[in-house]
Amino acid sequence: MPERPPEKGPGAKRTPSRQLLLNVALLVVTVFCALMFCEIVVRILFARDMALFPRYHTDATYDGFTIRRLRPNAVFRHRSADGIWKFTTNSQGFRDNFDFAYPKEPGTLRVICLGDSNTEGFEARQEFTFSAIIQRFLNREGLKAEVYNMGVSGYSTSEELILLEHEAVKYKPDYIVLGFFANDYEDNVRANLFTIRNGALVLNKKVYIPGVGILNRINEFYIIRKLSEHSYLYSFLFNHIWKFVKDRRAEQERVEHALPRSTRSTYEIDLARLLIGRMMTFCKSQGIGFIVVDIPDVDGSSFKGSMDRELVEYVKREGGIYMDTVSLLAPYRGLVDIHVPHGARHISEFTHLMIGLDAGRAMLNKGR
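Residues in the sequence shown are numbered consecutively from 1, following the numbering used here.
Hints were generated in silico from the structure; no laboratory data involved. Keep in mind that the hints are not guaranteed to be accurate.
In silico DSS-like cross-links for lysine-lysine, where the CA-CA straight-line distance does not exceed 27 Å [stated by the list, open to error]:
id: 1; residue 1: Lys170; residue 2: Lys284
id: 2; residue 1: Lys226; residue 2: Lys243
id: 3; residue 1: Lys104; residue 2: Lys366
id: 4; residue 1: Lys104; residue 2: Lys284
id: 5; residue 1: Lys104; residue 2: Lys170
id: 6; residue 1: Lys172; residue 2: Lys144
id: 7; residue 1: Lys172; residue 2: Lys104
id: 8; residue 1: Lys246; residue 2: Lys206
On a predicted model such as this, the values are computed, not experimentally measured, just so you know.
Using the sequences and the hints, build the whole thing.
Listed below in structure tokens is the structure:
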């Protein structure tokens, strides 16, 4: 008898391979729907106070020191309840639209700004960071000025010291502007690049690239980069894991140095003072002016200085220019946002403006 043709229609039996494909498709749809549901829930619960700050760090080697920088030639966006900010990095891995050049034309006033995410300009447009404001102000006053923003999110003063001595100095700057923020005390200990022995600053290691290995791998994938910029669920999970690892590392360092958990220790203050002191000494030896910006820290609904009085007095005593942002911004307390209202609460574009103008005026007055 001739073979009966295979049955078709709803009642037809499915082959094992077809059934497997259907099961896989069902699983994919189920997982996708579950992830979308979780994404919506996270947005509803946390979008107001959560920031999507994709981590675009990679490694850079300067004269044998390996520390972090941003991914070169990258374009990405940060977002929070307060807005969306575009970031563009140059080929050296700093936030700017053009590459920095080692040679300096005669008659050019060159300024390099060092610091962490506040200096880099988290939650601020690229052209409204205090680095950009300094350059526009000095140019308006008739000077031929170039201001390079070398701020890198997460940086400690110890990393800034290495960047100054082994890279920034090669650009022959006339001024170094150091943005100092409150978490620098703790970050200096966590980095452990330098330590204190017998009252002196001592190099402890030459490599510090936390998390860079995994970031280098995952940032190669376009879909991961897009998720880090647009998905609250991805950022929620990634940032919690990142914070857990970071806190464990911090706790290990605190135990190693016998530091208290809740208060700033003498060791942290002394380490910051020695690091800044070495930066000041280095700048003096190179004929470079040195300005320290006391980046305002959030204090409830108001703000306060980041630097201890002892550190402030040390900078003044040793001939550095100290920018007292608390006094600078006091007339505007309660009138404008000193920090961005939501998200990670970085300094606002207004604060960038005031810092940039005050730093620019300090340079003009120093030159007269």
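Hints, one by one, checked against the model:
1. Lys170 to Lys284: holds, 15 Å
2. Lys226 to Lys243: Judged against 27 Å, a Cα distance of about 21 Å means the pair holds.
3. Lys104 to Lys366: holds, 21 Å
4. Lys104 to Lys284: Given pair Lys104, Lys284 holds - Cα atoms ~19 Å apart, limit 27 Å.
5. Lys104 to Lys170: holds, 10 Å
6. Lys172 to Lys144: With Cα atoms ~15 Å apart, Lys172 and Lys144 stay inside 27 Å; holds.
7. Lys172 to Lys104: At roughly 7 Å apart (the allowed maximum being 27 Å), Lys104 and Lys172 satisfy the hint.
8. Lys246 to Lys206: Roughly 20 Å between the alpha carbons, so the hint for Lys246 and Lys206 holds.
Checked against the numbered hints listed earlier, the structure breaks none of them; every hint is satisfied.
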